[in-house]
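Chains R and Z, in that order, are what the protein sequence lines are.
With our numbering, the residue at position 203 of the first sequence is 203, and numbering never jumps.
With our numbering, the residue at position 53 of the second sequence is 53, and numbering never jumps.
Everything labelled a hint here was simulated from the structure, so no lab data went into it.
Warning: the hint list may mix true and false statements.
[As the list claims (entries may be wrong)] Within a straight-line C-alpha distance of at most 20 Å, the following computed EDC-like cross-link-like pairs (lysine to aspartate or glutamate) qualify: (1) Z:417 with Z:427; (2) Z:417 with R:231; (3) Z:417 with R:226.
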Amino acid sequence: MTADLVLAHLYPDLLLTYGDRGNVLALEKRAEWRGFRVEVVATQRGDRLPESAGLIVIGGGTDRVQGIVGSDLMDRRAELGDAVERGCVVLGVCGGYQFLGHRYVAADGSEIRGLGLLDVETVAGSDRIIGRVRATASLWGHEFELVGFENHAGRTSLGAEATPLATVDMGVGNGGTGRSGGTEGAVQATAVGTYLHGPVLPLNPAFADALLERALTPLIADAPLEPLPDEMERLAHSSARSLKR
Amino acid sequence: MKFNHVVQRLRACASSLAVRRDALIDALMLVGARCVARLIRLLRMGAGTSLPGRVVDRLRPGLIERRASALPGGVVLVSGTNGKTTTAAMLRAILRAAGHDVVANESGANMTGGIASAFVLDSHHGTVAVLEADEAVLPSLTRRLHPRLMILTNVFRDQLDRFGEPERVVELLGAAARALPPGAGLIVNADDPLLWEATREAGPVGFGVRTSWNGSGTGSLDGASADGEPAVCPACSGPVRYASRTIGHLGPARCPACGWHSPEPEVKGTVLAESGVGRMVLEEDEWVVTLPLGGLHNAYNAMAALAAAGALGVRHDDALRALAHFHPRFGRAEEFDHHSRRLWLGLIKNPAGTGAVSRSVAADPSVGAVVIAVNDLDADGRDVSWIWDAEFEGLVEAGIPLVASGRRAEDVALRLKYAGQDMTPTEHEPLRAIEVASARCKPGQVVAVLATYTAMLDARRRLLSSRVASVEDRGPGDLAA
Chain R
1 MTADLVLAHL YPDLLLTYGD RGNVLALEKR AEWRGFRVEV VATQRGDRLP ESAGLIVIGG
61 GTDRVQGIVG SDLMDRRAEL GDAVERGCVV LGVCGGYQFL GHRYVAADGS EIRGLGLLDV
121 ETVAGSDRII GRVRATASLW GHEFELVGFE NHAGRTSLGA EATPLATVDM GVGNGGTGRS
181 GGTEGAVQAT AVGTYLHGPV LPLNPAFADA LLERALTPLI ADAPLEPLPD EMERLAHSSA
241 RSLKR
Chain Z
1 MKFNHVVQRL RACASSLAVR RDALIDALML VGARCVARLI RLLRMGAGTS LPGRVVDRLR
61 PGLIERRASA LPGGVVLVSG TNGKTTTAAM LRAILRAAGH DVVANESGAN MTGGIASAFV
121 LDSHHGTVAV LEADEAVLPS LTRRLHPRLM ILTNVFRDQL DRFGEPERVV ELLGAAARAL
181 PPGAGLIVNA DDPLLWEATR EAGPVGFGVR TSWNGSGTGS LDGASADGEP AVCPACSGPV
241 RYASRTIGHL GPARCPACGW HSPEPEVKGT VLAESGVGRM VLEEDEWVVT LPLGGLHNAY
301 NAMAALAAAG ALGVRHDDAL RALAHFHPRF GRAEEFDHHS RRLWLGLIKN PAGTGAVSRS
361 VAADPSVGAV VIAVNDLDAD GRDVSWIWDA EFEGLVEAGI PLVASGRRAE DVALRLKYAG
421 QDMTPTEHEP LRAIEVASAR CKPGQVVAVL ATYTAMLDAR RRLLSSRVAS VEDRGPGDLA
481 A
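One chain only, chain R, in its complex shape (with noise of 0.2 Å):
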């Protein structure tokens, strides 16, 4: 059996700090409702990123988690942005979002060099930023809000090439300087990079679907995704929605 999607997950034994198994499992569960055929594969330090992935997810982890994955992922630049080029798409998560761009800057002044898929750079504060989002969000022709909750250090700017996923409504978001201010996430070509958990995916089945229908491009073309039956979703949203600080 060949796979309709292949969806490489990095580092799952190592970026799983904030449910990042939730966005695997709702990308994997929302293909197959819709009668896809997914395969999973865990990409861990040294092995090959699945020449097939046409979804590839990072999650986040904590600073010294990211310290250890930090040079692997840096021998990915040219697979990663090969990836890319041809039209995977790729979800980073928190620490997955700082990844996807040029470097991030550590309190004491120390850089760690990043992928450079978003041109995003992040910058981290003396506080952490911590607490629950509300986001207007617009992702490839797709207007959806978003819910969520932000737990990082972080500030990230945004460069000319990067457009923002959302601009907040509650919470703090990117945290960056001049236009950044009151985004939340980055996207670019197909690499997408958000700082909300929840897990923000089976939370935010609208982002889950536009990250899915881009990825199976291949296979659809230009046809919608069908609709699924998602009134769990939607009461989980929406509950989530009315929380307040």
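Got chain R; can you put chain Z on it based on the hints?
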């Protein structure tokens, strides 16, 4: 010469008066604080488990330290992410059976105020203190109370909106271990690589758990399961391999790259048989003991308590006997009867513990339905993303009716949908959720309630105010029958 003698006598007299005056003030403070605690309870302003201690600590600095150092058996501190309350309760049961009068923060008030209150409210001259301490206050408490023994259970990611990262907790526990007074004992989970390595220099005694069945309780032997911490070598950061896995990242590990390996635990329990939430057969050294509670996490708690009892000079067979008669309480494997339905309450608060509890519930033939109640208040952790790292798949596969409850009932129902159960009934209020679950049970079956900290407090409070008593007088190991 004579004059000097008189001055000396006068000085001695004055200082003994001062000592007596200090003792008198101490005594008055304690009486006052106990009255305040009683008043708080009388006026139903709370449990009175934290405020009296905080007030005394403020008004009379040094009193808590004097109370602690006056205990002939010394102070034992228990900390770590999971198992603090149960491990401390098990050790108290062992010590009480050995004739000790134990000073305790039994309700789990484990910040400085709660611990100060334990000393303040102890009016019958305890001989030894066994106190669970929150990870954040452990280093300062260690410096203040000069414990005779410290038990560190494990570190899992928990309350990340409070601690930021689990590495921070490992640092805190390591700092506390280094702050122990000379000659103090230290007992650490030998199956937790990062925690062990952070405390190794302090010379800990290790405890661990194995299973008689092959392989792992969770995940694969290389790479972490989603509910554990990253399986990396604490020495070189390379990937580690496990000889066996129990919960999350716990288990004997070895690093193929640099040769680092987990120590062989000095106190090691092998679980021979597990039959749900109410019974577990453990082999330890040449003994076989039946514990009246299930779950591999409780095997760890029992081994930690056993190692501590040994360090405190309790005879091994006496300690095992006390464990076999252990009576769990306060929302940790606690039982209630509610409208002729037996309830079993289990605390969940992070992925690893939830997985362990869920597995023992799913394996229990007496459980007829399960309520999963998740709150997102400060004490629970405001970010509930962690429920997606917790393994609920086993409960769904077992086909047990599930009900979602708590402030984030909808998140629980959604999590269960992606675990394979399409529609889960949701009831925010715990007693109503219990009633919905109960209606799906056969007569004689148990409703298991898995709840986060404040959801558990809420459920207990409602159960107690609806005049159901916690089930007392229970024989050992007869729960699942």
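Next item on the list: Take the C-alpha atoms of residue 417 of chain Z and residue 231 of chain R, compute the straight-line distance between them, and say whether it is at most 20 Å.
Entry: Satisfied, since the Cα-Cα distance of roughly 11 Å is no more than 20 Å.
Notebook entry, point to check: Regarding the pair residue 417 of chain Z and residue 427 of chain Z, is the alpha-carbon distance no greater than 20 Å?
Noted result: Measuring from Cα to Cα gives roughly 16 Å; hence the hint holds.
Next item on the list: Compare the distance between the alpha carbons of residue 417 of chain Z and residue 226 of chain R with 20 Å, and conclude whether the hinted pair is satisfied.
Entry: holds, 19 Å
The structure is consistent with each of the numbered hints, conforming to all of them.
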